[in-house]
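Using the supplied hints, reconstruct the complex from the two chains, each of which is provided in its own coordinate frame.
Protein chains in written order, with the numbering used here: chain Z, 2 to 899; chain L, 2 to 231.
Simulated from the structure, these hints should not be mistaken for laboratory data.
Computed from a predicted model, the values in this text were never measured in an experiment.
Incorrect hints may have been included.
What the hints assert, rightly or not - Below, in silico cross-link-like pairs of lysine to any residue (SDA-like), each with a Cα-Cα straight-line distance of 25 Å or less: (1) Z:468 x L:214; (2) L:224 x Z:533; (3) Z:399 x Z:372; (4) L:218 x Z:464.
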Amino acid sequence: MLRAALPLLWLLLAGAATTEEPTQEPGSPGEPPPGLALFRWQWHEVEAPYLVALWILVASLAKIVFHLSRKVTSLVPESCLLILLGLVLGGIVLAVAKKAEYQLEPGTFFLFLLPPIVLDSGYFMPSRLFFDNLGAILTYAVVGTLWNAFTTGAALWGLQQAGFVAPRVQASLLDFLLFGSLISAVDPVAVLAVFEEVHVNETLFIIVFGESLLNDAVTVVLYKVCNSFVEMGSANVQATDYLKGVASLFVVSLGGAAVGLVFAFLLALTTRFTKRVRIIEPLLVFLLAYAAYLTAEMASLSAILAVTMCGLGCKKYVEANISHKSRTAVKYTMKTLASCAETVIFMLLGISAVDSSKWAWDSGLVLGTLFFILFFRALGVVLQTWVLNQFRLVPLDKIDQVVMSYGGLRGAVAFALVILLDRTKVPAKDYFVATTIVVVFFTVIVQGLTIKPLVKWLKVKRSEHHKPTLNQELHEHTFDHILAAVEDVVGHHGYHYWRDRWEQFDKKYLSQLLMRRSAYRIRDQIWDVYYRLNIRDAISFVDQGGHILSSTGLTLPSMPSRNSMAETSVTNLLRESGSGACLDLQVIDTVRSGRDREDAVMHHLLCGGLYKPRRRYKASCSRHFISEDAQERQDKEVFQQNMKRRLESFKSTKHNICFTKSKPRPRKTSRKKKDGLANTEATNGKPPRDLGVQDTAAVILTVESEEEEESDSSETEKEDDEGIIFVARATSEVLQEGKVSGSLEVCPSPRIIPPSPTCAEKELPWKSGQGDLAVYVSSETTKIVPVDMQTGWNQSMSSLESLASPPCTQAPTMTRLPPCPMAAEEPQHPFSLPYDPRASFAFPPSLAKAGRSRSESSADIPQQQELQPLMGYEDRTHLSPGTANSHWCIQFNKGSRL
Amino acid sequence: MVLEGWPEVQGIPGWNFHQRHHRVHKDVDQAGRGLCPVDRLRCPNYTWDLGSRYSQLSQASLLRLYHRFRALDRNKKGYLSRVDLQQIGALAVNPLGERIIDSFFPDGNLRLDFPGFVRVLAHFRPVDDEDPGMRDPKEPEPLNSRMNKLRFAFQLYDLDRDGKISRHEMLQVLRLMVGVQVTEEQLESIADRTVQEADEDGDGAVSFLEFTKSLEKMDVEQKMSIRILK
Numbered sequence: 002m003l004r005a006a007l008p009l010l011w012l013l014l015a016g017a018a019t020t021e022e023p024t025q026e027p028g029s030p031g032e033p034p035p036g037l038a039l040f041r042w043q044w045h046e047v048e049a050p051y052l053v054a055l056w057i058l059v060a061s062l063a064k065i066v067f068h069l070s071r072k073v074t075s076l077v078p079e080s081c082l083l084i085l086l087g088l089v090l091g092g093i094v095l096a097v098a099k100k101a102e103y104q105l106e107p108g109t110f111f112l113f114l115l116p117p118i119v120l121d122s123g124y125f126m127p128s129r130l131f132f133d134n135l136g137a138i139l140t141y142a143v144v145g146t147l148w149n150a151f152t153t154g155a156a157l158w159g160l161q162q163a164g165f166v167a168p169r170v171q172a173s174l175l176d177f178l179l180f181g182s183l184i185s186a187v188d189p190v191a192v193l194a195v196f197e198e199v200h201v202n203e204t205l206f207i208i209v210f211g212e213s214l215l216n217d218a219v220t221v222v223l224y225k226v227c228n229s230f231v232e233m234g235s236a237n238v239q240a241t242d243y244l245k246g247v248a249s250l251f252v253v254s255l256g257g258a259a260v261g262l263v264f265a266f267l268l269a270l271t272t273r274f275t276k277r278v279r280i281i282e283p284l285l286v287f288l289l290a291y292a293a294y295l296t297a298e299m300a301s302l303s304a305i306l307a308v309t310m311c312g313l314g315c316k317k318y319v320e321a322n323i324s325h326k327s328r329t330a331v332k333y334t335m336k337t338l339a340s341c342a343e344t345v346i347f348m349l350l351g352i353s354a355v356d357s358s359k360w361a362w363d364s365g366l367v368l369g370t371l372f373f374i375l376f377f378r379a380l381g382v383v384l385q386t387w388v389l390n391q392f393r394l395v396p397l398d399k400i401d402q403v404v405m406s407y408g409g410l411r412g413a414v415a416f417a418l419v420i421l422l423d424r425t426k427v428p429a430k431d432y433f434v435a436t437t438i439v440v441v442f443f444t445v446i447v448q449g450l451t452i453k454p455l456v457k458w459l460k461v462k463r464s465e466h467h468k469p470t471l472n473q474e475l476h477e478h479t480f481d482h483i484l485a486a487v488e489d490v491v492g493h494h495g496y497h498y499w500r501d502r503w504e505q506f507d508k509k510y511l512s513q514l515l516m517r518r519s520a521y522r523i524r525d526q527i528w529d530v531y532y533r534l535n536i537r538d539a540i541s542f543v544d545q546g547g548h549i550l551s552s553t554g555l556t557l558p559s560m561p562s563r564n565s566m567a568e569t570s571v572t573n574l575l576r577e578s579g580s581g582a583c584l585d586l587q588v589i590d591t592v593r594s595g596r597d598r599e600d601a602v603m604h605h606l607l608c609g610g611l612y613k614p615r616r617r618y619k620a621s622c623s624r625h626f627i628s629e630d631a632q633e634r635q636d637k638e639v640f641q642q643n644m645k646r647r648l649e650s651f652k653s654t655k656h657n658i659c660f661t662k663s664k665p666r667p668r669k670t671s672r673k674k675k676d677g678l679a680n681t682e683a684t685n686g687k688p689p690r691d692l693g694v695q696d697t698a699a700v701i702l703t704v705e706s707e708e709e710e711e712s713d714s715s716e717t718e719k720e721d722d723e724g725i726i727f728v729a730r731a732t733s734e735v736l737q738e739g740k741v742s743g744s745l746e747v748c749p750s751p752r753i754i755p756p757s758p759t760c761a762e763k764e765l766p767w768k769s770g771q772g773d774l775a776v777y778v779s780s781e782t783t784k785i786v787p788v789d790m791q792t793g794w795n796q797s798m799s800s801l802e803s804l805a806s807p808p809c810t811q812a813p814t815m816t817r818l819p820p821c822p823m824a825a826e827e828p829q830h831p832f833s834l835p836y837d838p839r840a841s842f843a844f845p846p847s848l849a850k851a852g853r854s855r856s857e858s859s860a861d862i863p864q865q866q867e868l869q870p871l872m873g874y875e876d877r878t879h880l881s882p883g884t885a886n887s888h889w890c891i892q893f894n895k896g897s898r899l
Numbered sequence: 002m003v004l005e006g007w008p009e010v011q012g013i014p015g016w017n018f019h020q021r022h023h024r025v026h027k028d029v030d031q032a033g034r035g036l037c038p039v040d041r042l043r044c045p046n047y048t049w050d051l052g053s054r055y056s057q058l059s060q061a062s063l064l065r066l067y068h069r070f071r072a073l074d075r076n077k078k079g080y081l082s083r084v085d086l087q088q089i090g091a092l093a094v095n096p097l098g099e100r101i102i103d104s105f106f107p108d109g110n111l112r113l114d115f116p117g118f119v120r121v122l123a124h125f126r127p128v129d130d131e132d133p134g135m136r137d138p139k140e141p142e143p144l145n146s147r148m149n150k151l152r153f154a155f156q157l158y159d160l161d162r163d164g165k166i167s168r169h170e171m172l173q174v175l176r177l178m179v180g181v182q183v184t185e186e187q188l189e190s191i192a193d194r195t196v197q198e199a200d201e202d203g204d205g206a207v208s209f210l211e212f213t214k215s216l217e218k219m220d221v222e223q224k225m226s227i228r229i230l231k
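Bound conformation, chain L alone (with noise of 0.2 Å):
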């Protein structure tokens, strides 16, 4: 695999997906996290290390990844750009499609490299069937985990990133869920109600507490998870 196209990403040292893709793959210990200490000291920050390591996707989920990356990179600049993500015919016309292309690009950024992408996508991983208490708990969590599969549907709602969802913000996914048979006001009754639901302290906002409070019965690892991304 060439990286021809790819000018940022290959000036980076150690950046050849085809090289690196070999050694992580000798280089994965068991838990298929990790990479091997050589390369950490040739790029000690290297966000490719978010890349396998908390993501943890197997290497065919990995590549598959980079192909479909490269493929949505219509001009090899290297970084998807949000046009790059919009003309994905599907995603238009999906009502959440906009909010969930703002959430591949956190922090204003205008490009989405490779790594980003992978870890956006991670949250979407299955959960592994291994027992948390086997986990070590210095580890972080793993982006595929309960909590952040529910952090990552919060902030589709949360646009303000104040922490909460505001009844507006609440109006405002309805607006895109609810077919435009329902009229405003009933939209509205609907938003307080849903807010009204799962706000436990009476703030008018459901919080992230409040939020995953209220989906406590769903299997939300189930709901949220792809299978191919293993």
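For reference, chain Z alone in the conformation it holds in the complex (with noise of 0.2 Å):
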């Protein structure tokens, strides 16, 4: 490892070496310049952010590095090993430059190398957990940081008057308080880094982490109290100092807090309107965060806490509020630059440890100070446990205090602190920095080292990762609503009755507030976990191949593995309806004879070999959108391709059903039928197809109504990519669905099949409007197929059609065809859809929104609101497939002649 870190070494050595050799260049600096030089050499104006970017590169490499070994990574923490190497690496820049360079500047740390952190866990502390814990968090946090710092300092002290400190170590009672207020805080940064990679059970884990958090505050006023009264000098101390000290815990803790929420207001408020420019949303979120660290800094309050609450308070709102790309920007961006920051602080730490100009040695203070916040820290966990388990439903019990006793790491903020203080005023600094470095080296080290064992060893309740079910999450929402009316019977207005009362606020003001309209929907938890285990479904069907649609019935990789689904109505009508997935095998699986295998390879082919020619003008330019590069769109393309062979081949073995006609024409078929203009004159051509029909019809409405729900789910998701314009926008639009929802339309749930026919009349009221639309929808065989798939298929077939039969001719007879096709194809329900009495569930999509919008509009007017300018959306690729169609021919035509 060490040999690999080696070129490194060279490369920050040249780095080192460099910064002296411009102090000789200059050396003539009277002489004019010997004409135009061609080669100039200008390290100094690229100095400082050279070498930041020099270390944080380093910092990577040695990550890199470090993770090359599982072995290692698994044993030693990496803030071990980044200090090691830190320690190796500031000898060496010592050995070389004579002088200790690349310190931990205290004000570097706390301006740039903090915030980053603080941020990245705030946002992403488990709000819920943070509060059910907010108790015993806040206890650890104040009571245990005072003890800590008071019991530690005056037990220095009494060491010092009993004679085991030396006496060159000039330090009053004060100073050592001082020392132990620094001294005493737990680190959130070492917390992280080792905790990261325990994974105790959670309770245990945000109660050492809030803790680390929010003792920020007592942190630093202590610190700032203790400091500015060694400044005065004792002599001077009044009694209000005392006051005015413990008053300023408060304003500092209170305030940072405050500041914090105001700035979580702002963001949330800004990002509300940041619909039109959603490339600046991730920057929003950084910017007035940060913003509030540095508020919170200049009023000296608590920016620790400021940015904590910051990142808290916003989360819901602004991921609720920012576009999908914006949140994974956010999430990335931000465990980077934590990580980074990490990182550095870390391999500084070692390197500053080096410089033995800064400190002094005494062993009495470096031994006694280790002992003390080991044996302080554990006995106020065990104090504070005790009296709070009087409190808590969940005692802690011992093992949980002794991880929790262990766990409290010291980090880079104390040795920061140590280092802002000022020799004049404490003599004994050195001897505090040194004492700071053994301790923060000691519990990283050591007890980094040690407490994954330790852990392991008693045995402590690891954090099990399960999936999140819908049934749980509902089931905990309901849990919720019984403890807060039962705490409501009871009248006792405990911390559920308090949630509760929030949560209803939060309802009703704040997320009116501070959320897009568009938003509130997936705010809903149960609807997220809904939402996600679509993804999800949707993410491992795609990996399997769509095997998942096999004939044994649907499985779903999430729903728990059952014996038997013969009950199923789903599996029911699996089963009536023939071979297992019925993908709309009407038209496409007709692949029999080796000439059409060889037709269909062919026409893969082109279609993935013509992409590029066919696009490239679609492209659009903005500042303000990302719109999708031509790499993602032919990614897109291919993995529609992808999609679309597998299906097509996994058809072949599984269904049977046989039609002599030629390939081309029943993809016509299917797709004008897709862009709801199927019209009479393609079905008419084709009557035997209806036993296609009868096979399918049960699937197909399952997928279709899940198309129809997930749709709707992603318009808040279209309204985000809004920026991205094509030409031919009916396809787009799909396009863009497919990227988002597409994928989950896939999944197989067949949970969407009304179970009953009660259920299916129930639902025909509203649906009543268009009673014969639905029986002529049920015709919409390829709606099994994603919507993206089906572009893929779209694009497939019309560039079939290019290839082998004259591709307009049907393009213009389909921009004649009239807007709505209903009474086009009232004719043809009769012998499309004789025997399947549940067709009438299934409508394509366009219809069923329009329908469900018309529904809602009684219902939710403002639902409604929302979804209008979508439902313009709607109708324009409803009314102008034919456009649409006619453009994707003609750019099909040019593919297939280039």
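Below is the structure:
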């Protein structure tokens, strides 16, 4: 490992060496430049940022190197490795440059390195868990830190009085209290670094971690108060000063929290209006959070608390407001910054420790401090836990207490604070620095190394990650409501009562104010889980190449495995429908002869190959939106092609409905149908396919309704991606949707089918407006295919058309078609759907949507407003498929000619 | 503590809360349950038994509940009616409030006496740490056992009391719980999926067994307990 790190060192040393070179270079300033220099070495101009970049690069590379060996990282926490690396690097720098460089500067640390870590932890803090344990966290953070600071300080002073500390350490009681206050605080960076790898149970983690975040206020206050007392001189401190000190605790902590919440509010409010400038959403999150930090720092409030509260407070609304991509961007940027800062902090800590000019060793002090911080931490935890357990529903047991005591790691905050001390005021600063370094190193390295085995040995309850299920989510909500109700009945205004109150307040006012209307829905947690489950299913569906839809029935990965699905209505429907998965086989699965297969292969090839020229001119360029670049679109296309291929191969094995028709024509039909423009001409031409319709109807229903479902859900997403505008509007709409939700629709969850006719009847009324439509729609067979695949199909079909037959013959007819095909469709319904009673549930998404919004209009006016633009979209889509198709045709034509 | 305005209750021999309170206090055994035999002899079918025996609530909690019971009983009639509970402000806005009130009035009762009150609330007593193996198997399961807590939740879903949560029932609960912003179809699909997820025998409904299974991994004991009901 070290050998691997060596090249890095040389890189660094080169950097360090070059620092000195320029000093000689400008040695001849008076002379005019000897002509035009071809090559100039301008290290000075770039030095500072270059070094920063270089350090970060070194840290990142070191991280990579560490993780090359899984064995090492599983045994040794990364923070230890980084500190050790820092020590080595510092030693080399010291040896080469003859002076210590690149140390952890308190200014850099507090202004640049700490905020990202705190923001990351605040933003991704599991808020429910945090508030569930708020009492314990606050106790440990406030009482515990005060306790640690005073006892450690006093005990060290006692140690000095007893003569165990060398007399050269000149420190008064106040000095020791100051030292105690900075050394006592558990450090969020260190805790996070170690505990993230240990995976203790959530309660334990949130208590230790929450404590480390919230104790910042106490640390800051204690430090500042003690520091000013020391600077004033203990003789000048008056009683009012002590009172002020106590008062400042409240000011600093509550003030910090208030600043954070104000900025959280601002942030949430701002992101509400970023609809048209999606691209700056992530920036806003970081800017305002950083502003909160700086504001709190400026007002000498607790900056850590401010950022924590900001992240904690804004998350719900911001996540709802910003687009999906921005969410990802925020997440990754935040994690990147935090991990980067953490890495640099630990490395610089190691480097700083090498500088012996800064510290002076005193064994008595060092050993005493080490012992006291461990001892008083443990004692404090035990005492506080005993008190807390009187009030806790789930008491913290002994093992928890051991881990909490042992997990009290000290870190860079203490180091930065001790560096900040004024040597003239605190004569013992050097000793304190040395002691702090030892304490930090000891806690991070020794405790960090041993905590994992300890946790294992004590059999601490580990956190277990299980997938969320809808049932759990729903029942959890039920439990919450039940408990709130029971507290009401009992007349006890406890935690559940207030949480319930808060939720109602939030729902009524805050969310209304801070969330976009369209964002509402996704914030419902049950819906959220449902949505995520669907996404997961879709992904696994894609991963498995669509084989979830097997003839034995639909098996969802997220569903508990079941022995028999015979009873489920879905399966029944599937059974009835002949082969398991009927993915619009009516048309496409007729690949029987080798020639046909070759055709298909050829056609795929062409699809893939001809892709770029077709699309090229559609690229739109905007600074405000990220348009899908060609690569992405191509990926999408490739994905579609893959899906299609898989489906097709799968179908050809599964389905044996045979038609003697040649391929291209049926495909045309399907496309037209899908566009809601299936005309009589097309269907009339293929009466035998009705059999296929019968076969597939059941399943079609499923997916179709699901599809509507999902497409509805993704309306907000659509809005998100509004900026991407394609020429062929209708198709692009489908495409966009396909990206976000199209894959969802693949989710083969069979739940959609109304299991009983009663339900069906119940549903009919609001759909009755389009009774005939519904019937017509039932012949919509392509719906089984997810939207994006449909697109793929469409394209492939059209391109096939363009190959096989004169392409544009079809298009003009279609453009001429009436916008609403109902009338045209009605006549064919008798034979397209003679036997299937359930078919009336199916209808094309566009119509369904219209129907739904109509039905909603009475019930939910805002909802409808919300839908309006989309409906407009929808309608356009619906009305102009002909144009879109002609577009396609033309394009394909071009492509094929190319 | 005087029980004026509790004619029916006072009529029952031995039912004087004040008096009983002390007696119970004296005669509670180590596990906090049980009454003195004298009381049982005097009123063998007496439901108070439930209050202390099954609920195992501490005396302080019982007393607290008793005060609350009387405060809720507006006309001092000695029992609670639905209206009394409905008048609790926060309960009215609770989406499940009506159902929870229902669970206080099982079998179509219109009156809720104190033992009944205690009995329902005893479900939410935190679970003791005692080893379940230590418990006498012949004794009925305490009301605050995991199963009973779950059963309480289950019957909130199962409106028709057929031991199964049908899709329809699930939908109704979802309708109560999920905000207006989710459309009916989406609700239905959520309901479908929820049922499907838990439904193991494929009957399209969630039986109690399936219900418990779907919550296997959840810390129900913790999530269905209120600390003050020790």
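Hints, one by one, checked against the model:
A distance of roughly 15 Å separates the Cα atoms of residue 468 (chain Z) and residue 214 (chain L); the hinted pair therefore holds under the 25 Å criterion. Taking the CA atoms of residue 224 (chain L) and residue 533 (chain Z), the gap is about 24 Å. The hint holds against a cut of 25 Å. The straight-line distance between the Cα atoms of residue 399 (chain Z) and residue 372 (chain Z) is roughly 21 Å, inside the 25 Å bound, and the hint therefore holds. Straight-line distance between C-alpha atoms of residue 218 (chain L) and residue 464 (chain Z) comes to about 12 Å, which keeps the hinted pair within the 25 Å bound.
Violated hints: none; the structure is consistent with every hint.
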